[in-house]
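So the chains spell out like this:
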Amino acid sequence: MLWKEILIRYGELTTKGRNRKDFIHQLKHNIKYIFSDIGSLTIRSERDRMHIELENEEQFEKIVERLPRVFGIQSFSPVAMCEKDLGVIQQTAQKIMDRYKDKSITFKVEVHRSDKSFPYQTYDIQKAVGGFLLKHNPNLSVDVKNPDVELRVEIRKEAAYLMSEIIYGAAGMPVGSNGRSLLLLSGGIDSPVAGYLMMKRGVRIDAIHFFSPPYTSEQSLQKVKDLANELTKFGSSIRLHVIPFTELQVLIKDTVPAEMLMTTTRRMMMKIADRVREEIGALGLVTGESLGQVASQTLESLTAINAVTNTPILRPLLSFDKLEIIDIAQQIGTYEISIKPYEDCCTIFTPANPKTRPKLERVTHFESQVDFDEYIERAVKNREVYTFPEKRIAENKFKHLL
Amino acid sequence: MIYFDNSATTKAHDEVLQTFVEVNKNYYANPASIHAFGVEVNELLDAARSQIASIFNTKPEYVLFTSGGTESNNFAIFGVAKANQHIGKHIITTEIEHASVLEAYKSLEKEGYEVDYLSVNKNGVISLDELREKLRKDTILVTMMHVNNEMGAIQPIEEAAKIIHEHSRAIFHVDAVQSFGKLNIQFNGEAGPDIISISGHKIHGLKGTGIIAFQRKLNIVPYIVGGGQEFGLRSGTVAVPQAVALAKACRIAFENLQENHGKFTKWRDDLIDYFKTFGNHIYILSSKEGAPHILSFSIRDLKGEVIINALQKRGVIVSTSSACSSKQKKTSHVVEALKVDPHFKEGVIRISFGAKNTEEEIEQFKAIFKDVMKELKGV
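Chains as they are written, first to last, in full-length UniProt numbering: chain B, 1 to 402; chain A, 1 to 379.
Check each hint, because a few of them may be wrong.
Quick list of the computed label-pair ranges, beta carbon to beta carbon [as the list claims (entries may be wrong)]: (1) Ile34/A x Ser319/B: 51 to 59 Å; (2) Glu103/A x Pro341/B: 45 to 53 Å; (3) Glu190/A x Lys101/B: 12 to 20 Å; (4) Glu363/A x Ile38/B: 45 to 53 Å.
Don't read these hints as lab results, they were simulated from the structure.
All residues carry an ideal CB built from backbone N, CA and C; glycine is no exception.
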């Protein structure tokens, strides 16, 4: 096999100071996690880069496919390694450039000689390798300023390393490097995208979902599980807290005027979420709210809903257009799951005319007439927790038919 | 019986039939239903779609199930032409397309679209220069068959795709009905089709099954409107057993592509050499550069029907150049486009191999054909 390792360049991490070590450690952990199904990888981390050792072709392909999803990586390159012999280096360079033989391209050879005991000077190596490639590959021409391909040759102590391709990573921060937050996951298009964007900032996510059987179906719950599972491909496992919400939702419907229903329901959700957040030691709540999208997302509504807690509520989508959100949802693979048509708890008792400008005093006035707290406690206590990805091997039950 | 008419249709694989029966028996719920049974059937449909998507190198949501090659071709042509007429009304195809393409183009021509038909050389292949010249700013669609059904010519899809994408905004639709399972056909960025049509019954699947697949999200108007199934592009309750059976047929065809390609090539080359031993009595329309499973030839001054009957009496099933047009009296448009010598024009016979043919059948055929030549031509 030509490729010996994958070289990883850190993203924003490099701007960090003393806690840089923790970031690198987290990134390494996340990479190991995302490839846990293909055996344990040998990863060396250095101050500026990380190296994953490759054992076989199949492993290489899986890594190249999945690595672009791991946050905290600016870019990465497959690297070939060979003996420090000019002839061998030329042959290895040729193998790399074979990959481009079908099109005419410009290239340059960039040499770094950190092993000063190597008998040839940087310029000699450059000339020997570049000349050799030019002679054997009629499709190549040299462009030192703006080449299509930069073949990099590094002469290090232990061996020579060659690489040509730079693949862009997902950037951002390694998930887990910025604490934990609880995501309110509804099953719609927005909330998974909000979760994704927070993960990109290094936030580890737990998700909470409000489940109101028999008004909402097992399929709608399955959809949320699928969404949680889909988000795990960005380098972290996710716990999903499913709150039995029927009892409380019916109580709200029976005790609060219709136009206040939505506001109170949201406030109760927020209270429950905040209690769960406290129990799991998370520091913030994440929602998919986008300003002005629906009645509950006006500034007045947000104020009324927000009034139940002092916990920071992170709203990464606040200023996004619906189309921008859909774009991201499609890119990250949650869109197709989100558009499956099942009712969720937010849509089953929707009043005809929800207040877009609820007055906080009025809302608290109605809520004060009912003792919601014991219901909230019960809902928090009776929640079911699922962890994704699920440990069991998903067997393809339709295999014999296909 | 030696069945050499696989380009007309094929015998379904037993495994495909088993799938069809089992899905009908056990997964009969409507995949659009929201009850658990419907959800399960929908999962099965998704699995079938994903399997096909991975074969063609695209996303599952870009694979739609249709009733076959004709519908897929019609859908692509009308759907793209109508959705993009604000850009232009110029469309391009070749002279040797299948009727499901030519008739659709003619119908658009009547509606005011401007059509260019690319000519072909004696091997049935278009000229890339002509294609480049014909492409315009307002060209919105180019349709091209990968393999010609009558004589097996292969069009240079990859080069054509590059030219089309470089010189126009046109969508490149490839009719791969005759090529899938015999040649490699996949989405491949700028160097490949934007739309692929295939048919199930040409690859040992079921009649009435087909696919239209897209490389990416395209501007296309629905072919059948109604309940919004198939991502709103082809309404009507999805025929799940057919779809799953097709996924299986596609997988088998794809997995056996190399093996079949090798086998068919050997047989075709062998028969071409054999026909050459009859000297100028036989004219061979196909070439060794063409698709491996189709071999068209003609016997001097002999009508196709006579040859078919003579072979049939001895247990060999072949066809005239195209099953779809074989009942029509006039000479095929493909034969016309190839400018075949009048002595040979009316007798074009097509032999087409399938996965179930064997080496022995080729040898038997040679002996039988010899008898037929003796009887009909005295040689």
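The hints, checked one at a time:
1. In this structure the supplied range 51 to 59 Å is violated for Ile34/A paired with Ser319/B, their Cβ-Cβ distance being about 34 Å.
2. A hinted range of 45 to 53 Å for the beta carbons of Glu103/A and Pro341/B is inconsistent with their spacing of about 38 Å.
3. For Glu190/A and Lys101/B, the Cβ-Cβ distance of about 18 Å falls inside the hinted range of 12 to 20 Å, so the restraint holds.
4. In this structure the supplied range 45 to 53 Å holds for Glu363/A paired with Ile38/B, their Cβ-Cβ distance being about 49 Å.
Hints 1 and 2 from the list above are not met by this structure, while the remaining hints are.
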